[in-house]
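**Q** In case you want the letters, here they are:
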Amino acid sequence: MNEILNFLIENEILIYLLLFTILLGFEVISKVPSVLHTPLMSGANAISGIVILGAIILIRTTEPDNYITLILASMALFVGSINVSGGFFVTNRMLEMFNKKKKS
Amino acid sequence: MEKVLFLISAFLLVWGLRLQSDPASASKGNKLASIGMLLAIFSAIIMPLKNSNSNLIWVIVPLSLSSVIGYLIAKKIKMTSIPQMVSIFNGLGGLSAVLLSFAEISKWIAFPDSYDISVVIVLISSLFIGSVAFTGSLLAFAKLDGYRWSEKLTLPFQHIVNIIFLSLIVVSSYLFVGNPDTSYLYLIVILSFIYGIFFVAPIGGADMPVVISLLNSFTGITAALTGIIFGNIVMLLGGILVGAAGTILTILMCNAMNRSLLNVIIGGFSSSGSSKESKEQGDIKEVSDSDFAVQLFYSSKVIIIPGYGLAVAQAQKLCKEIQETLEANDVEVKYAIHPVAGRMPGHMNVLLAEADVDYSKLIELEQANEEFKSTDVAVIIGANDVVNPDAIDDSSSPLYGMPILKVWESTSTVVLKRSMSAGYAGVQNPLFFKKNNQMYFGDAKESLQRLSSELKNL
Chain S
1 MNEILNFLIE
11 NEILIYLLLF
21 TILLGFEVIS
31 KVPSVLHTPL
41 MSGANAISGI
51 VILGAIILIR
61 TTEPDNYITL
71 ILASMALFVG
81 SINVSGGFFV
91 TNRMLEMFNK
101 KKKS
Chain L
1 MEKVLFLISA
11 FLLVWGLRLQ
21 SDPASASKGN
31 KLASIGMLLA
41 IFSAIIMPLK
51 NSNSNLIWVI
61 VPLSLSSVIG
71 YLIAKKIKMT
81 SIPQMVSIFN
91 GLGGLSAVLL
101 SFAEISKWIA
111 FPDSYDISVV
121 IVLISSLFIG
131 SVAFTGSLLA
141 FAKLDGYRWS
151 EKLTLPFQHI
161 VNIIFLSLIV
171 VSSYLFVGNP
181 DTSYLYLIVI
191 LSFIYGIFFV
201 APIGGADMPV
211 VISLLNSFTG
221 ITAALTGIIF
231 GNIVMLLGGI
241 LVGAAGTILT
251 ILMCNAMNRS
261 LLNVIIGGFS
271 SSGSSKESKE
281 QGDIKEVSDS
291 DFAVQLFYSS
301 KVIIIPGYGL
311 AVAQAQKLCK
321 EIQETLEAND
331 VEVKYAIHPV
341 AGRMPGHMNV
351 LLAEADVDYS
361 KLIELEQANE
371 EFKSTDVAVI
381 IGANDVVNPD
391 AIDDSSSPLY
401 GMPILKVWES
411 TSTVVLKRSM
421 SAGYAGVQNP
431 LFFKKNNQMY
441 FGDAKESLQR
451 LSSELKNL
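Which chain is which? The protein sequence lines are S and L, in order. Under the numbering used here, the residue at position 64 of the first sequence is numbered 64, and the numbers go up by one with no gaps. Under the numbering used here, the residue at position 386 of the second sequence is numbered 386, and the numbers go up by one with no gaps.
Note that these hints are calculated values from the structure, not bench results. In this text the structure is predicted, and so the values were computed from the model without any measurement. One thing to keep in mind: the hints can contain errors.
Stated by the list, open to error - The list that follows gives simulated cross-link-like pairs (lysine-lysine, BS3-like), each with its CA atoms no further than 30 Å apart:
#1 L:Lys456 / S:Lys31
#2 S:Lys31 / L:Lys285
#3 L:Lys78 / L:Lys285
#4 L:Lys78 / S:Lys31
#5 L:Lys3 / L:Lys78
#6 S:Lys31 / L:Lys361
#7 L:Lys334 / L:Lys435
#8 L:Lys320 / L:Lys152
#9 L:Lys456 / L:Lys301
#10 L:Lys28 / L:Lys3
#11 L:Lys28 / L:Lys320
#12 L:Lys456 / L:Lys31
#13 L:Lys301 / L:Lys75
#14 L:Lys28 / S:Lys31
#15 L:Lys28 / L:Lys78
#16 L:Lys301 / L:Lys285
#17 S:Lys31 / L:Lys31
#18 L:Lys28 / L:Lys317
All chains, please: the whole structure from these sequences, using the hints.
**A** Now the structure itself:
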């Protein structure tokens, strides 16, 4: 229990940030019209791939002969960045179609 | 340097997401967010680290390979398959979090002196949520893609089984924290994988978008949790942003279907429905090609209600063609878009946009329901549940309470459908037996082709 409390105190700023970001996320999305739900979902999904930053940092701090960690982390990087690039590109494709029509 | 870059990328992610909630700026928002992501990745590669090793090859190869793969998938995918694709991508995001937490925990175990319980707890949570998001998304994909087996995975007493699994996961996590042995770790992963399947199994195919959005927010939360461990603010921020946005989106979608999230998760749709086939049905009337064409031709106002059937038949462009023929003869044509038309909210708008249908022709639920009274013909193409009067009339129907399009208030309705089979929710539609309704059977694309040539001959 004490350890958890210490963890909270040590990461005080992070936890404040956590709270405000949750509110921010709610606020940013709450007014979105249903037309945009599909593109938004795939766009948000692409952002969730940000987990690959962890994989990059892990790879860079692992000893070059620790193959198990290296393989695990680069697999994480591999599947995660399919999520990122595919997500952004497909969202872009969808939104471009909305745009094209508005200009014509 | 990299701190400044991280700061900029965090700002771009937030601002990009903000812009994405308005149709006019959404495209720009997505570009900003992707630039933000690119910056974050770049900074993570160049940032100075303690005990840094140059394992750059391990970073660059998977990164560039999968970026190309992602790009190709995004380019090739049919717009009708977007929901399936999002669920697959989300599953990959979840898997990424699982692999990462697993690798990180194994690293911690190897150095017992730096072992920190709170870090391990956070990592196990990330492992658990990521696993659920992974297998859950895969099952959601199978359900969306219409694999039969995926609808029949539910065990008897599923909800009790789920609770048992959840407790098993908690117990094995507790054991692992007390005694860091990798076999417990495998156990946690396997149990969580199975739990992910169980979590999605009882939920009906029609509710999958809600589930995907929920699983998407799960992936966001795992990203945030791992962000805490790596002390990376952008990860924390991006993850939480997606977690919160996904949650709100889930709730908005539930509202559009007039269901509560709890109701969706427990699985209201899939369980009932088959019991009511005995209801008296009456006669249906079929309409011939020429009658249908004449009827449309001499109307002053036509509203088209597109559904998933239109999308799978790839008939959006024909629809637009008919719209143009009619408009050339002073018939007012509009499209009524139900919030959950297609496979997920907004999906139909994307599909019609692909066919170049003018934005101003699309009307939403409330407006459409006001306009049906002054409409001559309402043409329902491949939609079913969203025009089912049972949602208003029959309190025992699984659709009861869902806001629907009151098409029967128009002078007449024509339903284009392949057969008399039930819709996605598995219930028969009394609309088909109404006096002012006519049926026009066939695949949406062929039907519209016949109709289009009939119209041009008039």
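**Q** Decide, hint by hint, whether the structure agrees.
**A** Here is what the structure says about each hint:
no., hint, in the structure
1, L:Lys456 / S:Lys31, "43 Å, violated"
2, S:Lys31 / L:Lys285, "43 Å, violated"
3, L:Lys78 / L:Lys285, "35 Å, violated"
4, L:Lys78 / S:Lys31, "28 Å, holds"
5, L:Lys3 / L:Lys78, "39 Å, violated"
6, S:Lys31 / L:Lys361, "22 Å, holds"
7, L:Lys334 / L:Lys435, "23 Å, holds"
8, L:Lys320 / L:Lys152, "38 Å, violated"
9, L:Lys456 / L:Lys301, "18 Å, holds"
10, L:Lys28 / L:Lys3, "25 Å, holds"
11, L:Lys28 / L:Lys320, "27 Å, holds"
12, L:Lys456 / L:Lys31, "43 Å, violated"
13, L:Lys301 / L:Lys75, "38 Å, violated"
14, L:Lys28 / S:Lys31, "18 Å, holds"
15, L:Lys28 / L:Lys78, "23 Å, holds"
16, L:Lys301 / L:Lys285, "22 Å, holds"
17, S:Lys31 / L:Lys31, "20 Å, holds"
18, L:Lys28 / L:Lys317, "27 Å, holds"
In this structure, the hints that do not hold are numbers 1, 2, 3, 5, 8, 12, 13, in rising order.
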